[in-house]
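**Student:** Top line first, the protein sequences correspond to chains E and B.
Residue 1 is where the first sequence starts when you use the UniProt record's numbering, and the numbers rise one by one after that.
Residue 1 is where the second sequence starts when you use the UniProt record's numbering, and the numbers rise one by one after that.
Because the hints were derived from the structure by calculation, they are not lab data.
Warning: the hint list may mix true and false statements.
Chain copies aren't distinguished; within one or between two, either way the pair holds.
[Said to hold, decoys possible] In silico SDA-like pairs for lysine to any residue, Cα to Cα no more than 25 Å straight-line:
hint, residue 1, residue 2
1, 420, 52
2, 391, 409
3, 37, 371
4, 37, 344
5, 420, 132
6, 430, 295
7, 346, 38
8, 391, 285
2 protein chains.
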Amino acid sequence: MPQEEGTQKDTVTRSNEIARMVGGDIARRAANRTPQKLAFIAPEQDEELTFEAFNRRVNRAAHAFQEEGLESGDRLAIVGGNSLQFLTAYFGALKTGIVFTPINPEITSEDIGYELDHSEADALLVDDVLYPKVEPLVADRDIDVLATITVGDEDSPVPSFDEVIDGQSPTEPAVEIHDEDLAQIMYTSGTTSRPKGVLLSHKAITTGSLNVSASGDLTRNDVTSCVMPLFHCAQLTMVKGAMHVSATTVVRRSFDPDGFLEDVEQRDLTWSFMLPAMYNGLLARPDIEDRDLSSLRYCLYAMAPIGNETLERAIETFDADFALGSGQTEAYPPTCIYHPEWQLEKEGNYWGHAAANTDIAIMDDDGTLLDRGEVGEIVYRGPNVMDGYLKNEEATEEAFAHGWFHSGDMGFFDEDGLLKFVDRKKDIIKSGGENVSTQKVESTLLDHPAVEELAVVGIPHERWGEAVTAFVIPAEGADADTEDIREYASEHLAGFESPKAVEFVEELPKTATGKIQKFQLAEHEADYYQEQVDD
Amino acid sequence: MPQEEGTQKDTVTRSNEIARMVGGDIARRAANRTPQKLAFIAPEQDEELTFEAFNRRVNRAAHAFQEEGLESGDRLAIVGGNSLQFLTAYFGALKTGIVFTPINPEITSEDIGYELDHSEADALLVDDVLYPKVEPLVADRDIDVLATITVGDEDSPVPSFDEVIDGQSPTEPAVEIHDEDLAQIMYTSGTTSRPKGVLLSHKAITTGSLNVSASGDLTRNDVTSCVMPLFHCAQLTMVKGAMHVSATTVVRRSFDPDGFLEDVEQRDLTWSFMLPAMYNGLLARPDIEDRDLSSLRYCLYAMAPIGNETLERAIETFDADFALGSGQTEAYPPTCIYHPEWQLEKEGNYWGHAAANTDIAIMDDDGTLLDRGEVGEIVYRGPNVMDGYLKNEEATEEAFAHGWFHSGDMGFFDEDGLLKFVDRKKDIIKSGGENVSTQKVESTLLDHPAVEELAVVGIPHERWGEAVTAFVIPAEGADADTEDIREYASEHLAGFESPKAVEFVEELPKTATGKIQKFQLAEHEADYYQEQVDD
Numbered sequence: 001m002p003q004e005e006g007t008q009k010d011t012v013t014r015s016n017e018i019a020r021m022v023g024g025d026i027a028r029r030a031a032n033r034t035p036q037k038l039a040f041i042a043p044e045q046d047e048e049l050t051f052e053a054f055n056r057r058v059n060r061a062a063h064a065f066q067e068e069g070l071e072s073g074d075r076l077a078i079v080g081g082n083s084l085q086f087l088t089a090y091f092g093a094l095k096t097g098i099v100f101t102p103i104n105p106e107i108t109s110e111d112i113g114y115e116l117d118h119s120e121a122d123a124l125l126v127d128d129v130l131y132p133k134v135e136p137l138v139a140d141r142d143i144d145v146l147a148t149i150t151v152g153d154e155d156s157p158v159p160s161f162d163e164v165i166d167g168q169s170p171t172e173p174a175v176e177i178h179d180e181d182l183a184q185i186m187y188t189s190g191t192t193s194r195p196k197g198v199l200l201s202h203k204a205i206t207t208g209s210l211n212v213s214a215s216g217d218l219t220r221n222d223v224t225s226c227v228m229p230l231f232h233c234a235q236l237t238m239v240k241g242a243m244h245v246s247a248t249t250v251v252r253r254s255f256d257p258d259g260f261l262e263d264v265e266q267r268d269l270t271w272s273f274m275l276p277a278m279y280n281g282l283l284a285r286p287d288i289e290d291r292d293l294s295s296l297r298y299c300l301y302a303m304a305p306i307g308n309e310t311l312e313r314a315i316e317t318f319d320a321d322f323a324l325g326s327g328q329t330e331a332y333p334p335t336c337i338y339h340p341e342w343q344l345e346k347e348g349n350y351w352g353h354a355a356a357n358t359d360i361a362i363m364d365d366d367g368t369l370l371d372r373g374e375v376g377e378i379v380y381r382g383p384n385v386m387d388g389y390l391k392n393e394e395a396t397e398e399a400f401a402h403g404w405f406h407s408g409d410m411g412f413f414d415e416d417g418l419l420k421f422v423d424r425k426k427d428i429i430k431s432g433g434e435n436v437s438t439q440k441v442e443s444t445l446l447d448h449p450a451v452e453e454l455a456v457v458g459i460p461h462e463r464w465g466e467a468v469t470a471f472v473i474p475a476e477g478a479d480a481d482t483e484d485i486r487e488y489a490s491e492h493l494a495g496f497e498s499p500k501a502v503e504f505v506e507e508l509p510k511t512a513t514g515k516i517q518k519f520q521l522a523e524h525e526a527d528y529y530q531e532q533v534d535d
Numbered sequence: 001m002p003q004e005e006g007t008q009k010d011t012v013t014r015s016n017e018i019a020r021m022v023g024g025d026i027a028r029r030a031a032n033r034t035p036q037k038l039a040f041i042a043p044e045q046d047e048e049l050t051f052e053a054f055n056r057r058v059n060r061a062a063h064a065f066q067e068e069g070l071e072s073g074d075r076l077a078i079v080g081g082n083s084l085q086f087l088t089a090y091f092g093a094l095k096t097g098i099v100f101t102p103i104n105p106e107i108t109s110e111d112i113g114y115e116l117d118h119s120e121a122d123a124l125l126v127d128d129v130l131y132p133k134v135e136p137l138v139a140d141r142d143i144d145v146l147a148t149i150t151v152g153d154e155d156s157p158v159p160s161f162d163e164v165i166d167g168q169s170p171t172e173p174a175v176e177i178h179d180e181d182l183a184q185i186m187y188t189s190g191t192t193s194r195p196k197g198v199l200l201s202h203k204a205i206t207t208g209s210l211n212v213s214a215s216g217d218l219t220r221n222d223v224t225s226c227v228m229p230l231f232h233c234a235q236l237t238m239v240k241g242a243m244h245v246s247a248t249t250v251v252r253r254s255f256d257p258d259g260f261l262e263d264v265e266q267r268d269l270t271w272s273f274m275l276p277a278m279y280n281g282l283l284a285r286p287d288i289e290d291r292d293l294s295s296l297r298y299c300l301y302a303m304a305p306i307g308n309e310t311l312e313r314a315i316e317t318f319d320a321d322f323a324l325g326s327g328q329t330e331a332y333p334p335t336c337i338y339h340p341e342w343q344l345e346k347e348g349n350y351w352g353h354a355a356a357n358t359d360i361a362i363m364d365d366d367g368t369l370l371d372r373g374e375v376g377e378i379v380y381r382g383p384n385v386m387d388g389y390l391k392n393e394e395a396t397e398e399a400f401a402h403g404w405f406h407s408g409d410m411g412f413f414d415e416d417g418l419l420k421f422v423d424r425k426k427d428i429i430k431s432g433g434e435n436v437s438t439q440k441v442e443s444t445l446l447d448h449p450a451v452e453e454l455a456v457v458g459i460p461h462e463r464w465g466e467a468v469t470a471f472v473i474p475a476e477g478a479d480a481d482t483e484d485i486r487e488y489a490s491e492h493l494a495g496f497e498s499p500k501a502v503e504f505v506e507e508l509p510k511t512a513t514g515k516i517q518k519f520q521l522a523e524h525e526a527d528y529y530q531e532q533v534d535d
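With the hints as constraints, model all of the structure from the sequences given.
**Tutor:** The structure is reproduced here in structure tokens:
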């Protein structure tokens with residue numbers, strides 16, 4: 001039967017204002033839903049904010065940004081660790097259509113400069129303690145340092161964030177924002193040495209964070225942790241996930257075992273999100289059996305698996321459900337959850353089930369979707385998928401080949417329909433939640449006169465997930481030792497990028513045509529850090 | 001600073017296929033996530049379907065619809081009660097962009113005809129037992145009866161739904177569908193006698209149903225009920241809510257106390273959604289204390305409050321959390337949940353807190369948003385809000401005045417931030433989950449010679465929520481009694497529209513200008529049905 005002209009569209013009459021799905025609404029809705037409930041507790045900042053107070057502060061930030069001349073589509077970069085101000089600025093940007101561009105403060109000044117240039121940052125917020133690091137970068141760039149976030153007692157010529165937003169109106173800013181508008185640019189490293197700017201829409205960040213309650217067992221009665229870095233997509237989505245359901249979040253600058261236990265005992269923390277090494281660190285404390293951990297009920301971990309033996313001890317000690325969450329900046333997390341009921345049932349790096357708003361499939365190199373049991377590249381679809389890479393059409397096209405987002409991770413679905421990670425397709429190491437290009441590390445180390453040839457691989461490590469590890473054939477006659485090379489690397493690379501170990505070897509495994517077989521090396525040395533611990 | 005040309009849009013390169021948020025994906029994602037898990041159990045149909053089997057069947061239906069010539073934007077009407085075929089057809093339509101148009105089978109033939117005409121239905125599915133009712137309607141219309149759904153043993157010249165989809169391909173149909181495309185037309189009555197066609201986009205039905213897990217405590221481990229009618233938005237959203245998280249749903253044709261208890265005892269039902277009267281009916285059973293209700297943990301009720309005394313008994317007997325869910329077709333449910341932790345804390349018709357994806361505010365007649373404590377119209381925003389009313393610009397404009405959707409319900413937020421329903425703004429009665437226009441009932445009854453003047457109001461009733469109740473000044477010399485008038489009404493109106501009681505009165509409360517004060521009547525007679533029960 002014939003299609004009526006315009007049947008689908010001519011009937012749509014509601015305004016965008018009514019029916020949109022944009023990030024800033026998460027803060028406003030939580031404030032309207034539960035104005036007097038505690039949204040954030042920041043023990044180190046000695047501050048507690050209700051959802052209403054937080055939203056009013058967010059609105060003040062929004063008006064301050066507008067007063068500084070920032071408009072929808074402009075980019076606001078931030079170089080800072082966790083703070084209430086970070087979150088305030090984030091939602092202030094989302095509410096005004098300003099594109100929030102967090103920069104990892106641990107990367108080198110050169111890389112910060114690159115990300116400022118590449119994102120065409122219009123304005124910058126920076127922690128006061130990091131101001132000296134960014135000052136030389138902004139001096140010769142057309143970037144306005146809007147404010148410093150006071151977390152230390154560093155003097156700077158720039159007013160503090162609190163001063164800048166003080167006195168602004170707490171009313172909702174009126175800005176037209178659409179679901180598909182750009183909300184965030186987040187940088188992530190690829191196989192080449194330059195990080196890529198991941199473009200995330202309001203729809204992507206909203207539907208990604210809705211996965212937290214739908215698939216991560218988070219409810220309105222939870223008190224959640226925020227000890228992972230907010231400049232990373234994982235912690236940022238967890239905070240939004242909590243706000244969707246009006247759960248409270250305890251914000252700390254970073255993980256600190258004493259602080260975490262204090263939050264559990266004194267603030268009844270129920271739902272935590274941390275790295276395996278952090279849970280391990282707590283388990284290793286002599287006082288852990290004497291602490292009152294009864295409030296804790298759900299412990300999400302990420303970036304790396306926890307061995308079943310340790311896990312069993314953790315479940316018993318914390319008397320909580322454990323679950324592994326996965327995701328990546330390009331497919332706004334969480335994309336899969338390895339649910340508590342499956343933990344201990346399997347061995348290895350299981351990622352579990354797809355979250356509510358996410359499709360996961362396995363694809364071969366020709367773009368054919370594979371059946372259960374077959375190993376291939378893990379590919380994603382879903383409203384939480386990025387728009388593309390900023391100013392990088394080639395990488396974007398490659399990432400979206402065959403109509404799916406290509407993760408660069410290899411895996412398969414097992415007989416129970418659970419996703420298992422097998423390997424990384426490309427030369428990327430996931431170190432401390434950040435992508436590290438092995439090519440970048442290798443080219444840096446090759447500049448050292450004692451290095452003749454080398455291979456950099458990621459090896460399982462309880463703190464880093466994968467530890468950057470360099471196997472080096474030393475140059476003939478060179479008198480440098482491995483420690484000299486590590487030191488050299490740490491001068492030229494960020495902490496998470498630097499090799500955690502440098503090993504001298506006589507030869508590297510190669511193919512007949514002379515290509516280094518990194519996969520063989522990684523497999524052979526899989527227990528490298530495990531053995532060191534046992535020693 | 002100047003806005004770069006096209007900053008927001010030119011970077012978007014992912015395809016719609018990758019990042020869409022459309023209804024049919026809910027079925028596909030659940031099948032990919034948990035292929036072997038039970039999606040639906042239909043005890044009366046003696047059938048169980050895994051998520052994979054269901055999705056394959058949905059795809060077969062999609063291909064069958066396409067083979068019949070239906071295209072994206074065409075309207076598929078369905079006149080039927082709950083069945084696996086209803087759900088199969090629903091998702092089959094969603095996957096092909098065909099607009100699903102469920103029609104309440106209890107309304108009069110004339111009204112069914114009106115909805116078929118008004119929606120310009122291209123094709124129809126009908127329960128075999130209802131075929132005789134629709135046959136005369138389709139005879140003189142250009143509507144193709146695609147299939148009958150076999151739920152009885154009624155003969156019809158039309159092939160069965162199962163036959164029609166049998167042999168079709170179980171593969172995913174390839175149809176381009178966008179978030180904002182029309183997914184459903186659902187009819188709801190307004191103050192005038194003709195029902196209005198509510199236009200719901202894929203985004204609206206998806207974000208509405210995501211509210212079920214985010215705010216209705218539904219998880220992947222639940223087994224949920226489906227005893228409320230699927231042609232109504234409430235049950236339809238609950239089924240999608242369950243599928244988002246791969247929870248199992250037990251589908252019954254309608255509520256049947258023995259069947260429900262069987263589902264709890266034999267199928268470990270954990271999460272139910274029913275009317276207060278249904279829970280009350282169960283409570284009143286002599287065998288209820290001897291039944292094993294231990295699986296049940298969360299009981300959602302809707303349409304009307306449950307008195308605290310009954311509620312206390314229900315919570316104890318079922319040993320479960322109770323919560324009230326609200327919503328309406330125009331703001332795809334659930335829009336608010338009166339959570340378990342608040343039950344028994346308050347008295348009266350509380351609707352509780354806004355769900356995750358919904359804004360709720362209180363507005364006065366001039367469009368000003370009111371403060372806490374002030375009574376006004378309940379208005380909504382959110383991605384779950386409808387697009388408008390089909391072919392009714394005037395009603396659409398009125399509904400979206402001042403940039404919010406106007407519910408027609410009056411209420412306020414109390415000191416704890418909880419929404420309390422106060423009154424209906426317009427002459428609409430919500431009877432058994434359906435809107436009833438008092439004007440329609442009044443004009444029907446006025447045709448009866450014994451009726452001189454009357455007022456029809458809604459009065460609290462445990463089965464109907466609000467019972468349609470007629471207060472009639474009899475015509476002088478008429479010898480008909482109230483029972484004659486009730487009978488006359490039920491011949492001309494659907495069951496839910498007919499007065500549950502007709503009372504003869506000598507006069508009606510009126511204003512000085514002679515307008516009947518229905519509000520006063522409703523308030524004065526609030527205990528009308530309560531008193532009857534006590535008698």
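**Student:** Of all the hints given earlier, name the ones this structure violates by number, lowest first.
**Tutor:** 5, 6, 8
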